[in-house]
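Engineer: Please model the complete structure; the sequences and the hints are all you need to start from.
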Amino acid sequence: MLSEGKSFKLFTRSKFDSSSMVVVWNQDVGRLGSRVADYLAGQLKGRELGEISPEGFFSLSGVTVEEDVAQFPESKFYRCQNENFVIFRSDIPRYNWYGFINLVLDIAEKYFKVKHIYTVGGMVLPSAHTTPRTLMSVVNSTEMMRMLGHYDVVNDMDYETREDQRPTFSSYLLWVAKMRDISGVCLWVPVPFYLMTVEDPQACKKVLEFFNGHLELNINFTDIDKEVAEQNQKIAEARRRSPDLDGYISKLESNLGLTADEGEKLVKGIDELLRDSRRV
Amino acid sequence: MGIKLYKEPKLVKPVLLACWPGIGNIGIMAVDMLRRMVGAEEFGEIESWDFFYPRKVLIRDGELKDLEFPNNKFYFQKTEKKDLIFFIGEEQPSDGGGVYAEGTKAYRMANLVLDVAQKFGCQRVYTSGAAVAPIHHSTRSRVWVVPNNKDLIDEVKGYENTVLMSEVEGRDGQGNITGLNGLLLGVARRRGLEAICVMGEIPIYIHGFPIPYPKGSKAVLEVLSAALAIRIPMDEINALIQQSDSEIESVYERLPSGIKEQLDKLKYVVYTKPSEPEPITEEDKKKILQEIDKFFKKDAGRD
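Protein chains in written order, with this note's numbering: chain A, 1 to 280; chain B, 1 to 303.
Everything labelled a hint here was simulated from the structure, so no lab data went into it.
Just so it is clear, the structure is predicted and the values come from calculations on it, not from any experiment.
Ideal Cβ positions, reconstructed from N, Cα and C, are used throughout, including at glycine.
There's no promise every hint is true.
[Stated by the list, open to error] To give a feel for the contact side, a few chain B residues facing chain A, derived at Cβ under 10 Å:
| no. | residue |
| --- | --- |
| 1 | Ala110 |
| 2 | Leu112 |
| 3 | His136 |
| 4 | Glu167 |
| 5 | Arg189 |
[Unchecked claim] For lysine to aspartate or glutamate, the following DMTMM-like pairs were computed, each having C-alpha atoms within a straight-line distance of at most 25 Å:
| no. | chain 1 | residue 1 | chain 2 | residue 2 |
| --- | --- | --- | --- | --- |
| 6 | B | Lys150 | A | Asp152 |
| 7 | A | Lys268 | B | Asp32 |
| 8 | B | Lys150 | A | Glu143 |
| 9 | B | Lys4 | B | Asp32 |
Structural biologist: Next comes the structure, spelled out in structure tokens:
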């Protein structure tokens with residue numbers, strides 16, 4: 001019997017009749033998941049509902065440092081004001097994955113009456129940032145397939161994990177949800193490989209547009225539109241300054257491949273450009 | 001098992017300085033010296049028996065009288081500018097029995113320390129450890145600083161003689177702080193508390209020896225005393241440095257000349273991003289570090 005204690009804590013007792021839950025992982029390509037969660041929580045006045053304790057799921061032997069700041073694993077539920085809509089934002093656990101997923105779903109079902117789950121993730125592609133983003137989906141039920149039928153979502157993906165890779169944690173969650181008869185979908189947006197280590201606001205906007213229509217959230221897109229425009233402008237200026245950078249991106253725009261060396265130079269150039277401007 | 005407080009001092013937004021032993025005992029020497037110098041008074045402890053294996057037994061006339069465990073004590077002092085809480089742990093709790101904190105016990109210990117600090121209104125935490133760096137023992141140690149919140153970066157950049165992770169070549173702002181001196185930063189972050197870890201540099205060829213490195217501790221002490229606006233007499237730590245320097249020198253002099261030659265080159269290595277031209281070329285520097293790394297078969301890290 002699930003009850004609050006060592007493994008999780010609820011901050012408030014919100015009443016839900018039925019809700020949808022968006023799941024994002026902090027370790028995501030182009031920071032897509034965390035950006036989507038931040039934007040949704042900011043727009044919809046999200047407040048913390050509860051959290052899962054890191055004990056048993058994460059290494060507790062110290063802290064990692066990223067961009068000069070000590071990090072610590074977090075796994076938190078948020079509720080958006082006036083909406084039957086929950087966000088679960090978490091680091092991907094290091095141990096006991098199955099136990100972690102079941103705990104997330106136990107809490108989601110028992111306390112938030114979650115009926116539908118949406119995971120968000122970025123997919124690295126050798127494409128240019130000027131290519132329009134598409135939204136791809138992998139569902140775990142015909143019900144969800146039917147629900148997504150009205151939307152501009154690619155839903156006929158065929159894929160098998162390669163031998164040197166392993167399934168994503170979102171896929172694992174979706175599979176466990178399926179066993180528990182919870183409908184869910186993994187939403188994937190291609191992220192140009194050279195934005196992988198920075199941010200891709202266009203991909204973020206694509207996901208937000210989907211949630212806005214599907215869950216009728218009334219999102220204001222002004223801020224994300226501004227971010228998209230600023231990033232495009234910065235890259236455009238960098239292209240004007242650097243013929244090499246411009247050449248690499250032009251090749252991608254023409255669906256031509258880059259050599260490993262060209263790809264590395266492009267990643268480095270964009271990383272320096274966007275990271276430095278973020279630090280200012 | 002838990003917290004035992006002997007008294008409840010009235011403190012105003014106290015700053016917590018917490019420390020456990022680590023490489024070169026750099027952090028704990030600095031924090032404990034600061035504690036003694038401000039005359040902090042003991043006011044509580046975390047009971048040890050569920051965290052540690054006993055370190056001493058007392059038997060008298062065939063009867064077991066007592067078991068002694070590592071201490072985990074709280075101290076406080078009200079200074080002119082700030083109220084302070086000190087936590088000094090004599091050992092790091094570890095589920096695996098290792099030297100550095102790990103697992104549930106470490107996490108519980110970190111939470112208990114912060115429970116006490118928050119009970120008295122603490123909003124800021126400092127921890128301290130060592131930064132293993134490719135430096136020579138004759139050079140002044142600097143202090144690597146890692147905050148748990150990006151809003152603190154400007155503040156820590158203002159501390160004298162400090163280095164951010166992003167200023168360390170090849171790190172790109174990333175790294176790890178193992179043990180409780182790091183873990184406490186994370187647990188504080190989880191609770192919304194500001195925390196900063198200050199790590200004094202220790203030469204890469206000394207960090208593996210079980211000896212203290214007071215030069216690193218002095219660097220930490222300087223940063224802490226500036227951050228807390230406390231004047232600290234440096235006579236005691238200077239005397240320890242003098243003694244340690246002469247001990248290190250006597251070992252150093254006995255090293256085979258080939259090794260000594262390699263280590264001497266560290267006097268000229270600047271491993272942080274240079275603000276002025278370096279005295280040796282990048283290629284030389286790379287070669288020196290590779291050779292030294294090969295010699296010690298260890299990478300630079302921190303505790």
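Engineer: Honestly, which of those hints from before does the structure not fit?
Structural biologist: Going through the list in order, the structure violates hints 2, 3, 6, 7, 8 and respects the others.
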